[in-house]
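Assemble the whole structure, with the sequences as input and the hints as a guide.
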Amino acid sequence: KNQVEQSPQSLIILEGKNCTLQCNYTVSPFSNLRWYKQDTGRGPVSLTIMTFSENTKSNGRYTATLDADTKQSSLHITASQLSDSASYICVALEGAAGNKLTFGGGTRVLVKP
Amino acid sequence: NAGVMQNPRHLVRRRGQEARLRCSPMKGHSHVYWYRQLPEEGLKFMVYLQKENIIDESGMPKERFSAEFPKEGPSILRIQQVVRGDSAAYFCASSPGQSAYNEQFFGPGTRLTVL
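These protein sequences, in sequence, are chains A and B.
Per my numbering: the first sequence = residues 1 to 113.
Per my numbering: the second sequence = residues 114 to 228.
Possibly wrong hints are sitting among the right ones.
To be verified - Which stretches of chain A does chain B cover? Using the computed rule of at least three CB atoms under 8 angstroms from a CB of chain B, they are:
id, region
1, 43-56
2, 102-113
Unchecked claim - Okay, derived cross-link-like pairs now, DSS-like style, lysine-lysine, Cα gap no bigger than 25 angstroms in a straight line:
id, chain 1, residue 1, chain 2, residue 2
3, B, Lys184, A, Lys100
4, B, Lys164, A, Lys100
5, A, Lys100, A, Lys57
6, A, Lys17, A, Lys112
Hints are computed from structural coordinates only; laboratory data are not their basis.
Positions of the beta carbon are idealized from the N, C-alpha and C atoms, including for glycine.
Spelled out as structure tokens, the structure:
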């Protein structure tokens with residue numbers, strides 16, 4: 001069964017600090033891995049998309065890493081801002097031609113001043 | 114270029130009624146996906162449609178749920194005889210093609226509450 005697991009479930013950090021979110025996936029066949037940010041009451045917004053051949057990808061203060069051998073990914077947030085408070089969702093795409101996404105449960109990040 | 118639009122944003126139904134959720138994809142996108150997010154859970158894939166075709170409905174409950182994406186007009190997710198367990202946020206996403214590397218753009222969701 002395809003699964004994506006994230007840790008921690010929730011996280012509180014002080015404004016300006018860094019944090020790292022973890023994701024383990026069991027998706028086969030694996031195509032690519034995505035990180036989304038979901039603000040409360042809104043739809044997810046894509047942060048990064050990485051194929052199995054990519055190890056790292058950045059989008060501003062967000063940097064994602066991928067280890068296709070161990071099936072692990074991380075999302076690092078640098079110099080957090082209050083607006084970073086949201087759920088961060090790790091998502092794996094199945095197959096080469098299909099478009100079915102398997103979502104993790106998300107990590108809720110709260111940035112405090 | 115407007116993003117993915119969903120309406121209504123909030124929908125309240127009594128048990129046994131029908132719920133119709135609409136999704137207008139981004140301009141130029143012909144692929145639509147529906148996802149359900151139960152309270153305190155992650156999003157779950159329901160169905161993938163192209164214009165006039167259902168490509169993958171492996172995530173759809175076998176009964177009471179149906180989806181369509183007609184040649185003209187929005188995609189519709191229809192839930193007949195709703196039950197309390199159908200209360201959830203329903204998200205629609207669209208993409209321009211079938212490539213696995215295409216980004217899916219999500220709408221704001223419809224929050225369905227069944228009384």
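A quick look at each hint next to the structure:
Proximity of the region 43-56 of chain A to chain B, defined as three or more residues with a beta carbon under 8 angstroms from a beta carbon of that chain, is established by the 6 residues found. Residues of the region 102-113 of chain A with a Cβ under 8 angstroms from some Cβ of chain B number 5, which satisfies the need for three, so the listed coverage holds. For the given pair, B/Lys184 sits about 23 angstroms from A/Lys100 by alpha-carbon distance, which is consistent with the 25 angstroms threshold. Under the criterion of a C-alpha separation no larger than 25 angstroms, the hint pairing B/Lys164 with A/Lys100 is consistent with the structure, at around 17 angstroms.
Proximity of A/Lys100 to A/Lys57 is assessed by CA-CA distance (about 22 angstroms); at most 25 angstroms being required, the pair is judged to hold. Of the supplied pair hints, the one linking A/Lys17 and A/Lys112 holds, its CA atoms being roughly 10 angstroms apart against a limit of 25 angstroms.
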